[in-house]
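On the provided structure of chain A, position chains B and C as indicated by the hints.
From first to last, the protein sequence lines stand for chains A, B and C.
Going by numbering that gives the first Met the number 0, the first residue of the first sequence is number 0, and it counts up by one from there.
Going by numbering that gives the first Met the number 0, the first residue of the second sequence is number 0, and it counts up by one from there.
Going by numbering that gives the first Met the number 0, the first residue of the third sequence is number 0, and it counts up by one from there.
Among the hints, a few may not be true.
[As the list claims (entries may be wrong)] To give an idea of the chain B side of the interface with chain C (calculated C-beta under 7 Å), a few residues:
{"no.": "1", "residue": "19"}
{"no.": "2", "residue": "105"}
{"no.": "3", "residue": "107"}
[As the list claims (entries may be wrong)] Restricting the straight-line Cα-Cα distance to at most 27 Å, the calculated cross-link-like pairs of lysine-lysine (DSSO-like) are:
{"no.": "4", "chain 1": "C", "residue 1": "19", "chain 2": "A", "residue 2": "141"}
{"no.": "5", "chain 1": "C", "residue 1": "359", "chain 2": "C", "residue 2": "347"}
{"no.": "6", "chain 1": "A", "residue 1": "141", "chain 2": "B", "residue 2": "23"}
{"no.": "7", "chain 1": "A", "residue 1": "141", "chain 2": "B", "residue 2": "27"}
{"no.": "8", "chain 1": "B", "residue 1": "23", "chain 2": "A", "residue 2": "332"}
{"no.": "9", "chain 1": "C", "residue 1": "574", "chain 2": "B", "residue 2": "108"}
{"no.": "10", "chain 1": "C", "residue 1": "19", "chain 2": "A", "residue 2": "332"}
{"no.": "11", "chain 1": "A", "residue 1": "141", "chain 2": "B", "residue 2": "99"}
{"no.": "12", "chain 1": "B", "residue 1": "108", "chain 2": "C", "residue 2": "570"}
{"no.": "13", "chain 1": "A", "residue 1": "138", "chain 2": "B", "residue 2": "23"}
{"no.": "14", "chain 1": "A", "residue 1": "22", "chain 2": "A", "residue 2": "92"}
{"no.": "15", "chain 1": "C", "residue 1": "438", "chain 2": "C", "residue 2": "550"}
No lab work stands behind these hints: they were computed from the structure.
Glycine is no exception: its CB is placed at the ideal position from the N, C-alpha and C atoms.
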Amino acid sequence: MVIHPVLLIAIPLLFAFLMPLLKRAKAVTIIILLFNTLLAILMFHNVYNNGPLYEIIAFSPPIGIYLYVDNIAALLAVMINLLAFINFLSVEKVEIKFAMLYLLAVASSTGIVITGDIFNMFVFFEIAAVSSYALVAWKRDKEALEGAIKYMVLGSIASVLMLVGIAFLYSEFRSLNIYDIMNRMDEGSVLILLSFAFLLTGIGVEAEIFPLNGWVPDAYQGAAGSIASLLSFGPSKAGIYAIARLLMIFSWQQSYDLALSVGIMTLLIGELAAFRQENVKRMLAYSSIGQMGLILISLSMLDSTDYAIIAFFFLLVSHAASKGALFLLSERKGFGSNASKYAGIVSVMSLIGMPPMAGFWGKWYIIMGAMQMEAWWIIAAIVFSSVVEAAYFARYLSTTMQEEEHASIIAAYPPAIMATLTLLLGILPFIYKIATIGGVING
Amino acid sequence: MIWAIYFAIASLLAIGIYGVITKKNLMKIFISISIMETGVNLMLIAIGYIPGGTAPIENGDFTTYVDPLPQALVLTAIVIGVSVLALALVMVINYYEKNKTLEYRRLMKW
Amino acid sequence: MVEMVFAVLIIAFIFTLFIKNNRVASIISLVVSLFPLAAFLDWGREFGINLISIGFENTMNINMAGITLHFSISPLAWFFGIMLFSLIPPILLYSYSFFSKNDGFYPFMILLMVSVMGILLSSDFLSFFLFWELMALGIFIMICRNGDRKAMVRYLSYSVLSGVLILAGIALLYHMNGTLLFAEIMLKADFETMVAITMLIIGFAIKAALMPLHTWVPPVYSTSDEPFVAFLSGGLSKIGYYGMLLLLFAMPGARVMEAYINSSIATYLLAIIGSLTAFFATFLAIFEDDLRKLLAYSSIAQLGYIAVGIGTGSSIAMAGALFQAFNHAFFKATLFLAAGSVAYRTGKWKISELGGVAYKMPLTFMAALFAIFALAAIPITSGFAAKWLLYEAAIERRYVFIAPIMLIAGVGAFLYSFRILYGVFLGENRYPDIKEAPKPMVAGMFLLVMPLIIFLIFPGYMLDMMDSFLSSAGLATISHSPYVIHTTLGNYNTIAVIVGMMFAMIPAFLIYVLRKQHLVDFEDNFIGGEIPSLYEHISMHAAHNFYKPLKDVVMPYLEGGATSIYSSLYKVVEKIADGARKIYDGVVQDYAIYVMLFLLIIAGWLLW
Numbered sequence: 000m001v002i003h004p005v006l007l008i009a010i011p012l013l014f015a016f017l018m019p020l021l022k023r024a025k026a027v028t029i030i031i032l033l034f035n036t037l038l039a040i041l042m043f044h045n046v047y048n049n050g051p052l053y054e055i056i057a058f059s060p061p062i063g064i065y066l067y068v069d070n071i072a073a074l075l076a077v078m079i080n081l082l083a084f085i086n087f088l089s090v091e092k093v094e095i096k097f098a099m100l101y102l103l104a105v106a107s108s109t110g111i112v113i114t115g116d117i118f119n120m121f122v123f124f125e126i127a128a129v130s131s132y133a134l135v136a137w138k139r140d141k142e143a144l145e146g147a148i149k150y151m152v153l154g155s156i157a158s159v160l161m162l163v164g165i166a167f168l169y170s171e172f173r174s175l176n177i178y179d180i181m182n183r184m185d186e187g188s189v190l191i192l193l194s195f196a197f198l199l200t201g202i203g204v205e206a207e208i209f210p211l212n213g214w215v216p217d218a219y220q221g222a223a224g225s226i227a228s229l230l231s232f233g234p235s236k237a238g239i240y241a242i243a244r245l246l247m248i249f250s251w252q253q254s255y256d257l258a259l260s261v262g263i264m265t266l267l268i269g270e271l272a273a274f275r276q277e278n279v280k281r282m283l284a285y286s287s288i289g290q291m292g293l294i295l296i297s298l299s300m301l302d303s304t305d306y307a308i309i310a311f312f313f314l315l316v317s318h319a320a321s322k323g324a325l326f327l328l329s330e331r332k333g334f335g336s337n338a339s340k341y342a343g344i345v346s347v348m349s350l351i352g353m354p355p356m357a358g359f360w361g362k363w364y365i366i367m368g369a370m371q372m373e374a375w376w377i378i379a380a381i382v383f384s385s386v387v388e389a390a391y392f393a394r395y396l397s398t399t400m401q402e403e404e405h406a407s408i409i410a411a412y413p414p415a416i417m418a419t420l421t422l423l424l425g426i427l428p429f430i431y432k433i434a435t436i437g438g439v440i441n442g
Numbered sequence: 000m001i002w003a004i005y006f007a008i009a010s011l012l013a014i015g016i017y018g019v020i021t022k023k024n025l026m027k028i029f030i031s032i033s034i035m036e037t038g039v040n041l042m043l044i045a046i047g048y049i050p051g052g053t054a055p056i057e058n059g060d061f062t063t064y065v066d067p068l069p070q071a072l073v074l075t076a077i078v079i080g081v082s083v084l085a086l087a088l089v090m091v092i093n094y095y096e097k098n099k100t101l102e103y104r105r106l107m108k109w
Numbered sequence: 000m001v002e003m004v005f006a007v008l009i010i011a012f013i014f015t016l017f018i019k020n021n022r023v024a025s026i027i028s029l030v031v032s033l034f035p036l037a038a039f040l041d042w043g044r045e046f047g048i049n050l051i052s053i054g055f056e057n058t059m060n061i062n063m064a065g066i067t068l069h070f071s072i073s074p075l076a077w078f079f080g081i082m083l084f085s086l087i088p089p090i091l092l093y094s095y096s097f098f099s100k101n102d103g104f105y106p107f108m109i110l111l112m113v114s115v116m117g118i119l120l121s122s123d124f125l126s127f128f129l130f131w132e133l134m135a136l137g138i139f140i141m142i143c144r145n146g147d148r149k150a151m152v153r154y155l156s157y158s159v160l161s162g163v164l165i166l167a168g169i170a171l172l173y174h175m176n177g178t179l180l181f182a183e184i185m186l187k188a189d190f191e192t193m194v195a196i197t198m199l200i201i202g203f204a205i206k207a208a209l210m211p212l213h214t215w216v217p218p219v220y221s222t223s224d225e226p227f228v229a230f231l232s233g234g235l236s237k238i239g240y241y242g243m244l245l246l247l248f249a250m251p252g253a254r255v256m257e258a259y260i261n262s263s264i265a266t267y268l269l270a271i272i273g274s275l276t277a278f279f280a281t282f283l284a285i286f287e288d289d290l291r292k293l294l295a296y297s298s299i300a301q302l303g304y305i306a307v308g309i310g311t312g313s314s315i316a317m318a319g320a321l322f323q324a325f326n327h328a329f330f331k332a333t334l335f336l337a338a339g340s341v342a343y344r345t346g347k348w349k350i351s352e353l354g355g356v357a358y359k360m361p362l363t364f365m366a367a368l369f370a371i372f373a374l375a376a377i378p379i380t381s382g383f384a385a386k387w388l389l390y391e392a393a394i395e396r397r398y399v400f401i402a403p404i405m406l407i408a409g410v411g412a413f414l415y416s417f418r419i420l421y422g423v424f425l426g427e428n429r430y431p432d433i434k435e436a437p438k439p440m441v442a443g444m445f446l447l448v449m450p451l452i453i454f455l456i457f458p459g460y461m462l463d464m465m466d467s468f469l470s471s472a473g474l475a476t477i478s479h480s481p482y483v484i485h486t487t488l489g490n491y492n493t494i495a496v497i498v499g500m501m502f503a504m505i506p507a508f509l510i511y512v513l514r515k516q517h518l519v520d521f522e523d524n525f526i527g528g529e530i531p532s533l534y535e536h537i538s539m540h541a542a543h544n545f546y547k548p549l550k551d552v553v554m555p556y557l558e559g560g561a562t563s564i565y566s567s568l569y570k571v572v573e574k575i576a577d578g579a580r581k582i583y584d585g586v587v588q589d590y591a592i593y594v595m596l597f598l599l600i601i602a603g604w605l606l607w
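Only chain A is shown next, with the shape it has when bound in the complex (with noise of 0.2 Å):
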């Protein structure tokens, strides 16, 4: 049986816009949602065993929309559209206008993962920017709405930056498959480092890293619990991604650096920020920033070692997750229920590299492999921001595990179910050979 990859991103765009037409609008979308996820699944069981898979859409490339989707592309869609369903179930009052962002956010991000074009990549980053504004500025107060006019203004520079930076590539290169300007790169001239600069400051306001991610903060802040927990496993995520694939396209030794020194000050002030944070979702906020340093650290270490790959993947995985089911539960004041608690110590010892955690894994091939480097930097910065995270997570759940208020099904139970994902893939780690078999992200 064939799969079409382009059906995850044209089913939720289509019923997205039919939303209003259609009166239950919750019933549709945990539909889709959840036959987005079995179509991701079956389509990574089609990659896994018949290798990556290609589509074109329209034309012949450089024309056409083409799709690229291997083993990590394919587990990664997976995991948005996945965690997007078990989120949208805890949103308790659904609007129709609510479901078709939320749809776009999912849809988009999801295209963000296994596009294979550039310019296809700048438009959904842009669909997914312009429904995570109206999200997080959903709830309408004042705190929202500047969260969202924060992000807002950040995500239209950065938007016309990427597009600078794909114009420098298409005037050099006259295409934009990144699979062929891959093919075609070579020690670069100006216009394409010019190109690379863009294009990382672009997505990497996306994907918060320091100091790009000033929205990060204030946006979670005001946004609520679903939405900052949709921001922090969809479009953040998709966002390393791209500058997974940034870093394929432009794999120079330079831009590994510059991607490792990006990564460790990430790490050390989003760790540092959220140390003396009071808010719980501001802290949670800047935490986010931490992983995604450390995230693009094990990114920077591509090149040098095989570990990378498999700590991108734990590290991802178990942040996207642990993340989501924190911020949902960071909706409520203490835990509540022991299916809270639960999720809550299952999450947070996730993110801070217990077994039998996903998170374990991570820290265990991240440390392995900035050994083998013999990168010191790495394991100092890495010593260091795990101890203040495990100060201040500690902080965290003292007082929430004190606040007893009662948790509703609908609240307790998503959160909960996010943690066993996380639980279940440090349980079977062997997991990641099958994200790692074939070809990987250099495919």
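Below, chains B and C without anything else, positioned relative to chain A:
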């Protein structure tokens, strides 16, 4: 000739950035962002331009025509720009209703 | 059959998670805890000790698509396994009455058993580290149950630091050897190996609470539930020393650097740190008023002795260290449980608020008394033999600095244990209405005291348990019979010791019985003629200002120390963290400037 266009692009981008960085009024910030977008669109067109080329419409009797792809990209970019701007204006209106001012004031920090 | 033990434990873990009834959960976990104990007793056959014979397999490999976990039993692991797993059933018996409902104690106790079993049986660093972190997680969840912020923050920070350091050390060893198997790793005497070993030892020392890294211990011990603290202090803190022994002696590759270790200043440093830990922690314990904190400092001090033994590294020292570890496991667990029983009946933790408990809780007092004898190394229990071996090792090596310090710390141990006896159990009877602790609690405490008495009479059996480790580590075994230990400096004969004690005690007993005595009112005794009404009630307590002259002399030197260094470090980090937060000043124009600057900088870097 082509240098004049690149100069125009550079100045549009610079004006836009200047506006975003210095202005406190939200309307002005978003106008500046629009100016930047215009600059980028112009840039895409300029990249696709081939001296002496005609419009890429098939009529059988031309030899040189400008690259059609950037023009398609620009169309997409314009649409995106418009949608972002529309959303921005909605938010500015909401912001004005909540705060009774268009001046940017920070509520959340640190 | 390793699989079966693990499977039983994991099933019991999941099962007990959903049981609310305390007694059912206690009985289930008690039964389950006998499985690993039986397995370890059975594995004694491997090392010439036939206790029971069931025929458990003792190796297991789990292979999961590229990740293989190797498990097998080693002599060192067997010793620690016997020690830790015989500690657990009495503690679970004790908790049968101690808790009123099962809110997570039993399942995570079982999880800790799984992790301890995994650590001890692992024969490669991946499974070792996996279960090491699992143990850290289990301890953290136990601390979470009481939710004290200071304890949680300190424990988790230290534990993560220890985990990352150990991981970095393992990664470095792997990078140099290309293998994670204990059997294949070679420790060479080069710089990188030294870095790896240092990182690993610092990581282990955090769990073992060596002195500059001990500050997590007092808050954790003083806020968690007693049965858990008994296991944490008695059992889990030894796992840190298990790691050190594994790294420095038990791994086959460690013998390559034996000569290097014996001549190196590094291990001497470990011994010095151990003795200083024993010294300072003892003084902190002497002046502590909170019973649990006192016991926490006492734990730190007693664990310091083990480090002295490991650092000294001769076979007598090793025997002393392992003996001390075994004794400490049992007497400290007993003391924490006794403190728990006292608090169970009185609800008080401060020594200054307790007193005279022994009149109503004689059995608890008896158990605590034996434990205190072992703690103070008085030759009615096996505590004496362990300390004796350690002193002898230090003297044999001519450690002129370490031996006197240990001796002073030993006297200090007597001072604070006297304070527990007098302040908590004897003195004015302040709680005339309490009852003896429930029977399961008393039974648990007495079960824990048993080994102390057995190994007093037969210290040779303890050496039997160590022999195969000593010979596998390339150290000479110590010749012994069940009653006598033969060493280069002379023989330790338990019969002689017991007879000697008898001769000392019979006259004392006779004097106590035959002397003409009359009872005086407690307050008469204390006040000594002054007018009592001038004093607050609290100052009348026997334990009030107990060692005031000593305190006046010593305390100025104890202030400052590790805690103040850490708090000033913490302040520095706070300042930096505040600086980092100030970057996000909430002004969107600034953020736009950051974006532009970032673009300029990376473009400049790339073009340049």
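Here's how the hints hold up against the structure:
At a threshold of 7 Å, the smallest CB-CB gap from residue 19/B to chain C is about 5 Å, leaving the interface hint in force. Of the supplied interface hints, the one on residue 105/B holds, with its beta-carbon coming within about 4 Å of a beta-carbon of chain C, less than 7 Å. Residue-level restraint check for residue 107/B holds (minimum Cβ-Cβ distance to chain C is 5 Å; threshold 7 Å). Simply put, residue 19/C and residue 141/A have alpha-carbon atoms about 45 Å apart, too far for the 27 Å limit, and the pair is violated.
A distance of roughly 15 Å separates the Cα atoms of residue 359/C and residue 347/C; the hinted pair therefore holds under the 27 Å criterion. The straight-line distance between the Cα atoms of residue 141/A and residue 23/B is roughly 17 Å, inside the 27 Å bound, and the hint therefore holds. Of the pairs offered as hints, the one joining residue 141/A and residue 27/B holds, with about 20 Å between alpha carbons and a cut-off of 27 Å not exceeded. About 35 Å separates the Cα atoms of residue 23/B and residue 332/A, which puts this hinted pair outside 27 Å; it is violated.
About 17 Å separates the Cα atoms of residue 574/C and residue 108/B, which keeps this hinted pair within 27 Å; it holds. A threshold of 27 Å between alpha carbons decides the hint, and for residue 19/C with residue 332/A the separation of about 26 Å falls inside it, so the pair holds. Between residue 141/A and residue 99/B the CA atoms are separated by roughly 11 Å; this keeps the pair inside 27 Å, and the hint holds. Of the pairs offered as hints, the one joining residue 108/B and residue 570/C holds, with about 22 Å between alpha carbons and a cut-off of 27 Å not exceeded.
This hinted pair checks out: residue 138/A and residue 23/B have alpha carbons roughly 24 Å apart, not beyond 27 Å. A distance of roughly 14 Å separates the Cα atoms of residue 22/A and residue 92/A; the hinted pair therefore holds under the 27 Å criterion. Between residue 438/C and residue 550/C the CA atoms are separated by roughly 39 Å; this puts the pair beyond 27 Å, and the hint is violated.
Violated hints, in rising order: 4, 8, 15; the structure is consistent with all others.
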